[in-house]
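Join the two chains into one complex using the hints; note that each chain is given alone, in its own frame.
What follows is the residue order along each chain.
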Amino acid sequence: SQKIEQNSEALNIQEGKTATLTCNYTNYSPAYLQWYRQDPGRGPVFLLLIRENEKEKRKERLKVTFDTTLKQSLFHITASQPADSATYLCALGQSGTYKYIFGTGTRLKVLA
Amino acid sequence: ETGVTQTPRHLVMGMTNKKSLKCEQHLGHNAMYWYKQSAKKPLELMFVYSLEERVENNSVPSRFSPECPNSSHLFLHLHTLQPEDSALYLCASSHGDRVTEAFFGQGTRLTVV
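Chains A and B are the protein sequences, given in the same order. The numbering of the first sequence is this note's numbering, which starts it at 1 and goes up by one. The numbering of the second sequence is this note's numbering, which starts it at 1 and goes up by one.
Keep in mind the hints are simulated off the structure, nothing from the lab. It is possible that some hints are incorrect.
[Stated by the list, open to error] Example chain B residues on the side facing chain A (calculated, C-beta under 10 Å, incomplete):
#	residue
1	Glu44
2	Val48
3	Ser59
4	Leu88
5	Ala92
6	Gly96
7	Phe103
8	Phe104
9	Arg109
10	Val112
11	Val113
This one's a predicted model, so the numbers in the text were calculated from it and none came from an experiment. Backbone N, C-alpha and C define an ideal beta-carbon position, used for all residues, glycine too.
Chain B extracted, bound-state conformation (with noise of 0.2 Å):
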């Protein structure tokens, strides 16, 4: 393990669904990322949060809502997604002032129904 855990690990929900993924970590770390990983695509990087305040939004639609309460966990809220929001939903963590890599989670493989 790499001391990142998310849950659930796999989600099924439809299309009015509100569901929120969940990411914690206690490596020290001071920075956290959300990454979506779609078949045959490079992961994509969501949403970047530094000492709780979010630094990167990479153009995300507003279904998708992040929340950093502090810098041990990170949230994904999700809410009147799409099919093509189908994929799998990384969680990562490092040291974001260091030249240095992330710690990843195992990921929640997300289906919208």
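Isolated chain A (complex conformation) (with noise of 0.2 Å):
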């Protein structure tokens, strides 16, 4: 069956330093694959989206690569500052179809 694993389900960091976010799948092949941001009690925002023929993709502080072959997504955040703390989710999907399949998400946490 699909399958999305985010690699730690909190990760601490110190303010200004760059943080990595890993996300894995299997038994899929995704069309693109989107990264969001959740604050407690709200709802996913969106962040990114990469396509499966594009490498890297860059929004200001943020950067998403984007491996077929190894099955993986990478997410940093450079600089980072306190207000970056939050759950971060990584969704794929495929052309044609309506489903984002989402992972169980990254906890984030910046310490000052």
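As structure tokens, this is what we get:
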């Protein structure tokens, strides 16, 4: 069955460092992969989308890579700030379907 | 705000009650979704509507009944729920025919007692 794993349930890092979150998947060939941010008690908010033919995408302090051979995506937050503390979800999708399949998320805490 | 509004934000209901969750979007999206989010579990897709027609129904118990009267509104009717149905219920919308992101509402925190 299709499975998405996000490397750790929780990750603590010091302010100013780069946070790296991992998303691995099996038994799936996504056309694209997305990253969302979720704060407690709120719905996920979209951050970045990367397609299968793209290796890397950037937006301000965020960077996403997508390796379809390794079946892995890495999500980086550079110069992290306490305000970046949240749960980050990866989601996979295929063209022509309405399904977004989500991972369980990684709870990031940036320490001041 | 994302443009997707859910009401109520919190709901406590007994196992014999009937209640409804409401979702509204005015983003011009043609697909709407219900997800269930339980602690330490990934978001579970429950239902998808495209152009007001149900296109996904992921083996959800019949005590959950969706309704999509038009492309801007989505309901989830609840009856005779179980305590294990307590969770955060999230509505989302998207341009269903494109590779694009989903916009989520704030969710309804449901507690079944």
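(message) Of the numbered hints stated earlier in the document, which are not met by this structure?
(response) 3, 10 and 11
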